[in-house]
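Asker: These are the residues of each chain, in order.
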Amino acid sequence: MEREAILNLSRVFGFEQTEEQRKSQKLEETLVELYATMRPSLIGYAYQVVGSTGDSEDLVQVAFLKLFDHLQRNAKILNVRSWLYRVVHNLAIDHVRRRGAHDNAVAGWVADRALADHATSAENELIQQQKVAGCMAMLNERERQCLALRAEGLSYQEVGEVLGISHKSVSVYLVRGLKKVRGANK
Amino acid sequence: MTKFSREGVFPGSSRPHLNEAQVIAYLDGELPRPEREAARDHLEVCWTCRGLLTEIENSIDAFLEVRTSLLPEESAFSETRVEQFRQRLARHAGSFEAAPVPLTDRLSSLWIRATHAVAYLLQPRQAAIAGFLVVTMLVIMFTDALNTRVSADTVLARVGEYEAAHLPATGQVSRTAMRVERIERKGHTTGSVEELGTLTVLRDSIRPEMYVQAQTPSGKTGHLVIGDDGRMNEELLGVLLTPEDAAFEQYILNEHWMPVLSADEFRHLGAAQGSVLSARKAADEMDVSYHFSGNPSGIAEALLQVNAADYAPTSISFLTAGQETQREYRFTRTAFSVEPRTPEIAALFAPAAAVPETTTAEARKLPAFSKPVPLSYAESHATPEEVAIASALHKSDACLGEEIYVFPMSDGTLLVQGLVDDAARREAIVRTLRSVAHNVRIEIYLPREIKNGSDLYNPPEQFTEIAPVGLGGEQGATLADLSSGQSPLYERLNRHFSQPGISREDADKQVDVFSSEMVTIARQTFLHAWALKRLDGEFSASRTANLSAVELQEIDQMRQDHRRWIATLARRESEMLSPIAGPADAASSASHTGIPDSDTMLALARTQNELVRALFADSRQAAQADANLSRLLAVVRRMGS
Chain A
47 MEREAILNLS RVFGFEQTEE QRKSQKLEET LVELYATMRP SLIGYAYQVV
97 GSTGDSEDLV QVAFLKLFDH LQRNAKILNV RSWLYRVVHN LAIDHVRRRG
147 AHDNAVAGWV ADRALADHAT SAENELIQQQ KVAGCMAMLN ERERQCLALR
197 AEGLSYQEVG EVLGISHKSV SVYLVRGLKK VRGANK
Chain B
569 MTKFSREGVF PGSSRPHLNE AQVIAYLDGE LPRPEREAAR DHLEVCWTCR
619 GLLTEIENSI DAFLEVRTSL LPEESAFSET RVEQFRQRLA RHAGSFEAAP
669 VPLTDRLSSL WIRATHAVAY LLQPRQAAIA GFLVVTMLVI MFTDALNTRV
719 SADTVLARVG EYEAAHLPAT GQVSRTAMRV ERIERKGHTT GSVEELGTLT
769 VLRDSIRPEM YVQAQTPSGK TGHLVIGDDG RMNEELLGVL LTPEDAAFEQ
819 YILNEHWMPV LSADEFRHLG AAQGSVLSAR KAADEMDVSY HFSGNPSGIA
869 EALLQVNAAD YAPTSISFLT AGQETQREYR FTRTAFSVEP RTPEIAALFA
919 PAAAVPETTT AEARKLPAFS KPVPLSYAES HATPEEVAIA SALHKSDACL
969 GEEIYVFPMS DGTLLVQGLV DDAARREAIV RTLRSVAHNV RIEIYLPREI
1019 KNGSDLYNPP EQFTEIAPVG LGGEQGATLA DLSSGQSPLY ERLNRHFSQP
1069 GISREDADKQ VDVFSSEMVT IARQTFLHAW ALKRLDGEFS ASRTANLSAV
1119 ELQEIDQMRQ DHRRWIATLA RRESEMLSPI AGPADAASSA SHTGIPDSDT
1169 MLALARTQNE LVRALFADSR QAAQADANLS RLLAVVRRMG S
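Going line by line, the protein sequences match chains A and B. Residues 47 to 232 (the numbering used here) make up the first sequence, in order. Residues 569 to 1209 (the numbering used here) make up the second sequence, in order.
Hints should not be assumed to be uniformly reliable.
The list that follows gives simulated cross-link-like pairs (lysine-lysine, BS3-like), each with its CA atoms no further than 27 Å apart [claimed, not checked]:
{"id": "1", "chain 1": "B", "residue 1": "849", "chain 2": "B", "residue 2": "963"}
{"id": "2", "chain 1": "A", "residue 1": "214", "chain 2": "A", "residue 2": "225"}
{"id": "3", "chain 1": "A", "residue 1": "72", "chain 2": "A", "residue 2": "122"}
{"id": "4", "chain 1": "A", "residue 1": "225", "chain 2": "A", "residue 2": "122"}
{"id": "5", "chain 1": "A", "residue 1": "122", "chain 2": "B", "residue 2": "849"}
{"id": "6", "chain 1": "B", "residue 1": "963", "chain 2": "A", "residue 2": "72"}
FYI, nobody ran anything at the bench for these hints, they're computed from the structure.
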């Protein structure tokens, strides 16, 4: 009863929350929803570069915090999706450089599997490993990035924006990359 | 009969075969319209190109398969992750310092932008169409995407502020425990981590000496009292370090490094060499490091790690140079507490002359870490986190009559403790608190969960004013209950509400509604004045000395909110009362004597609350009704001015 009375009064006078606060909270809410939607794809991409789920999760969150700052600062973003991929890409590259290691997801994956079940590794598991390692090893960094971003559904233009290259170059990397994949699978 | 040509052109078509890039672009929907139509027509009739298309589709499938096997499995905790991000964003948003642009402009355009941006995202095709604006975008990206640098000096200054806020007050000592580790790295991998032992450091509020105790995992101990300008010695370090650490030991001795995680002590390390100071910010941590070259000890970097949320230093590392193998000595803070300076502890700081320098065989036994206890406001400083919590409680109205307090604890943590009426309310408050403070301990009880009262601490400060009657309890009594009698103003109110065409019952009902509203508003006014007064103790000048302008502004905002509520509610009372008051009272206006301070405000609010109850919810004081009404009007006008 008492609490209801308080709440009704708040409504009558209508200033328990300012317009500014409401808007800022709405932005936060929007970003959380966006995060929930985009999280798996962005983490997938970051993982491919840094090779650790924990770090990927963190990088993606940092990218969203930057997005928040950016919007708070009134900066213009025309395509949020490629903006996010770009920031995640840069953060991931930076992370790898800082760590001084270039063990990407492939090496990490192979090492993990090797450690996890080297005793019981089934034959087809081994074949799959070799196939993956073979396929990914043939791709260079750019080809891998272009293929991964395209696989996430980005247009050539967007892939180009993320990687800072032209959409024509994207096309070239895709052709080369797919050719190598085909070669590895033969 | 058409013969199949394997040359560049299919006989039935005027177009040459598609190359791989064209086929892929066709599959990806990236060809401009005329080319796309031409390619489609060609593919319909050309087996060669369709074969290529199938081959490409297969390699896309193969790539996707490989990629899927590489991706981390979607964690079962994605909801937890999202929740964790929600909290992180809330904390981040809280610390976002507004640029000096008019706030309303900024926010309205920001909202429009955000909606637009998200609308674009939800419609990828539109996003693709918007590609021609890429130039603008690239400019933005290049300028901000890698903005992870932070100023090392700023970080160190903040660390200094953190320390100042956590110094032991007179009559206390601080106790820090650090884990000491040696980490060997080969190439890129983290190699072995070996725990060398722990260092416990006691710092006094009275004497300049520092008591340091070293203990190895095997139980070997040593201790040392270090004076004002002293340093650690070989004996003490020898407890933790082995002969292979000789170079590092020499470094520590040469640099006079004291085992303290502090900004000053850290700066001291950089002062000696021509060293380079840098800082970097990761997710929840910040690193500040000095790089130096040519130190004979081989140490090339000293790195201080700081918690990004509150600038508490968490560890210090000393790293050797080396491409292939690198060694790190890391001192990580594992516990910190402020505790009373008992005679037992005071004896530890006795001058070196009075106590043998080190006794590795039998170090004096340190009393165990005591359970953290709440500190009074006088003994503690307000932290940014405490402000954030108070502000969150304020926004959820938990500062109005609910017994919820933020306790600064002796170990430097915060405890939010209190009592609420129902579980739903508790849940709402806990959720609000979790969104601003992740490390805080929250103990909010329901009345039935309190067994003997021993679970609840006393408020950090009782102010001299006597506790308000009925705060928290006697909910039912706040609404005017006139069933057993008539309020002193009944006749007058009834006259006021009895208009031609209004039945006697309706007029009675209106009197009841009016009285109830008066009582509710009066109580609300009083609760706001009470909350305003509470802020005085909680965020007194001495407690807030170390806070930044942003936090001070937040505290000020809370005060202003309460004052605004008081003024609005009092004005509402005044408006309601004027028509039923006598002509003399109705005409008089508030006598201005400046803005009342929080004490005066509380006294005024108490008076108005008591008068309203006497006039509208009590049938015993009919005699002074007129005088009371005049007094009440004067009081609410003063508060509403």
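Asker: If a hint holds in the structure, say so; if it does not, say that too.
Answerer: Now for the hints, and whether the structure bears them out:
1. B:849 / B:963: violated (31 Å)
2. A:214 / A:225: holds (17 Å)
3. A:72 / A:122: holds (18 Å)
4. A:225 / A:122: Roughly 38 Å between the alpha carbons, so the hint for residue 225 of chain A and residue 122 of chain A is violated.
5. A:122 / B:849: holds (25 Å)
6. B:963 / A:72: holds (16 Å)
In terms of the numbered hints stated before, the structure departs from hints 1 and 4, listed from lowest to highest.
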